[in-house]
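*Asks:* Model the full structure from these sequences, guided by the hints.
Just so we're aligned, residue 834 is where the sequence shown starts under the working numbering, counting upward by one.
Please keep in mind that the hints were generated in silico from the structure rather than gathered at the bench. Being a predicted model, the structure only gives us computed values, none of them experimental. Warning: the hint list may mix true and false statements.
Claimed, not checked - Restraint-style ranges between C-beta atoms, simulated for each label pair:
#1 Arg972 to Leu941: 49 to 57 Å
#2 Arg1061 to Pro860: 36 to 44 Å
#3 Glu970 to Ala1065: 51 to 59 Å
#4 Asn1257 to Glu1022: 27 to 35 Å
#5 Arg878 to Ala1329: 22 to 30 Å
#6 Asp1014 to Trp962: 30 to 38 Å
#7 Pro1304 to Pro938: 51 to 59 Å
#8 Arg1229 to Ala1040: 20 to 28 Å
#9 Thr1159 to Glu1022: 27 to 35 Å
#10 Glu900 to Glu1100: 39 to 47 Å
To be verified - Straight-line Cα separation of at most 20 Å, DMTMM-like style, residue types lysine to aspartate or glutamate; simulated pairs:
#11 Lys1346 to Asp1199
#12 Lys1346 to Asp1286
#13 Lys1346 to Asp1202
#14 Lys954 to Glu965
#15 Lys954 to Asp943
#16 Lys954 to Glu940
Beta carbons: idealized from backbone N, C-alpha and C, even for Gly.
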Amino acid sequence: MNPATALATVLVDELVRCGLTDVVLAPGSRSTPLALAVHADSRIRLHVRIDERSASFLALGLARRSERPVALICTSGTAAANFHPAVIEAHESGVPLLVLTADRPPELRDTGASQTVDQIKLYGTAVRWFSEVGVPEDRPGQVAYWRSLACRAYQRSLGPSDPGPVHLNVAFREPLIPDGDASWCEPLEGDAGGPRVRARVAPPAVALHLPPTRRGVLVVGDGASNVRRYVAAAGMAGWPVLSEPNGGARYGDHAMSAYHFLLGTPEFADRHRPELVVTLGRPSLSRPLLNWLRHADEHIVVAPDLTRWPDPTRSATQVAPAVEITVAAGDDTWLHSWRRADGAVRAVIDEVLDGTGFSEPRLARDLVDLLPNGSLLFSGSSMPIRDLDQAMRPRRGVRILANRGAAGIDGVVSAAMGAALAHNGPAYALMGDLTFLHDQNGLILGPREPRPDLCVVVVNNDGGGIFSLLPQAALRDPFERLFGTGHGVDLAHVAASTGTPYTSVDAPDQLSKALRGEGPRVVEVRTERESNAVLHSMMRDAAHAAISEVM
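*Replies:* Right, dumping it as structure tokens:
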């Protein structure tokens, strides 16, 4: 057996024995040994994508939804560089990825050899761990090294306190395909008892006991863990819960779905300064919320890994791996005040949305309301997730994900595809037209590839709608070319190029029917950027008026 085949066979076998179930492959020559080993292993669900960036975000979506490591394989050169955006997102959002980049052997590096670049620590600090595997050799001791390396990579990616991407750079000499000889200098099989390395999870950390108070608030952002436990504790303590849609805590009587507008009104924000705030995950969507956090008397960030914790406002006073929210005596005046204002704002926001036609915020609100229980919704990272944050009513039974680690718009179609493949139930995605066009290759599925049940809802305002809500909109002369970036692309033609079913929706009552179907499909909703900016102003004004009346 040639060394390349031996190394690939052992690496794949050990990763599977550690728990690996899904592998995403971008085809190439130098990665042939790994590709053949994965293809031959019936325990693996293989996904092949011709675009490395789409492949990497597909793997990201699979790993984000399953919360288990997914392996990502490519050939050498710029193929590996195309993984970098997804690796950064996995790093920032704590998603376990096993990145296996094939490479040329050392004698071909720095010689001008084709498809040869410096891949050593290619992703810098964006990976939890890097290893240069080394060119395989036919000598005793290699199998134990390879299996130990695979176990270490899998466990480091998984965490458990700090999951994220791991990079193995695997150099192969030719020949790259099996030579028909099955002999090797030592047995390739591993110990039947299991992996050589087993990671033991430490016992839970001792929780920080919080002082009792009725004037507390629970804030939940992206990447939060143990959400149900903390929501229940906040409920017992009489605290309002301010949860981003992808935080997973916007449900129940304590969920304040209009907090963005409440905290954007200075009179309310000033009168509702808490004694204590507990933050789970990383809130990043609402500027009023972030500004308000700076004025909390005590701001405790819950972070399972104390080497990395989110604190974008630099307002954390304590960081702990777990906290215990103490039930305090007293009345519910604090909670009732939040509820009364939230209910008033929720009513006027819905009134504005219902009276202004089919808008982007209304689409976000109505889409969540229409989804069946057990659904997954993958949101784009620009305006769609913010529209959900401002318009979504509290509800249970829908899992919302978004690439909010680095908050880029790249790879969203592919990430949604991956998340849908890992989800046990119907899946949907909501994104803007630029996000959709940025990853239209994500719609390309070979005839033998697993096909997700995913409905992609695209808001098409012919450009970058979020900029119409930012100060750049005042720059009338250069705005359209530099920020608006209208494209004029017919999305029906984009869908048709990959044979993806397409539907156009013009009115709210058409949405429910358009969402039906099976497999990958596209639903387009056309909107207008300037009208959307006006609508957001109307929502803000109506909310402020309602708050003033209540107070």
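*Asks:* Confirm or reject each hint.
*Replies:* For each hint, the structure was consulted:
no., hint, in the structure
1, Arg972 to Leu941: 49 to 57 Å, "violated, 22 Å"
2, Arg1061 to Pro860: 36 to 44 Å, "holds, 42 Å"
3, Glu970 to Ala1065: 51 to 59 Å, "holds, 56 Å"
4, Asn1257 to Glu1022: 27 to 35 Å, "holds, 33 Å"
5, Arg878 to Ala1329: 22 to 30 Å, "holds, 28 Å"
6, Asp1014 to Trp962: 30 to 38 Å, "holds, 34 Å"
7, Pro1304 to Pro938: 51 to 59 Å, "holds, 53 Å"
8, Arg1229 to Ala1040: 20 to 28 Å, "holds, 26 Å"
9, Thr1159 to Glu1022: 27 to 35 Å, "violated, 55 Å"
10, Glu900 to Glu1100: 39 to 47 Å, "holds, 42 Å"
11, Lys1346 to Asp1199, "holds, 13 Å"
12, Lys1346 to Asp1286, "holds, 16 Å"
13, Lys1346 to Asp1202, "holds, 14 Å"
14, Lys954 to Glu965, "holds, 8 Å"
15, Lys954 to Asp943, "holds, 16 Å"
16, Lys954 to Glu940, "holds, 18 Å"
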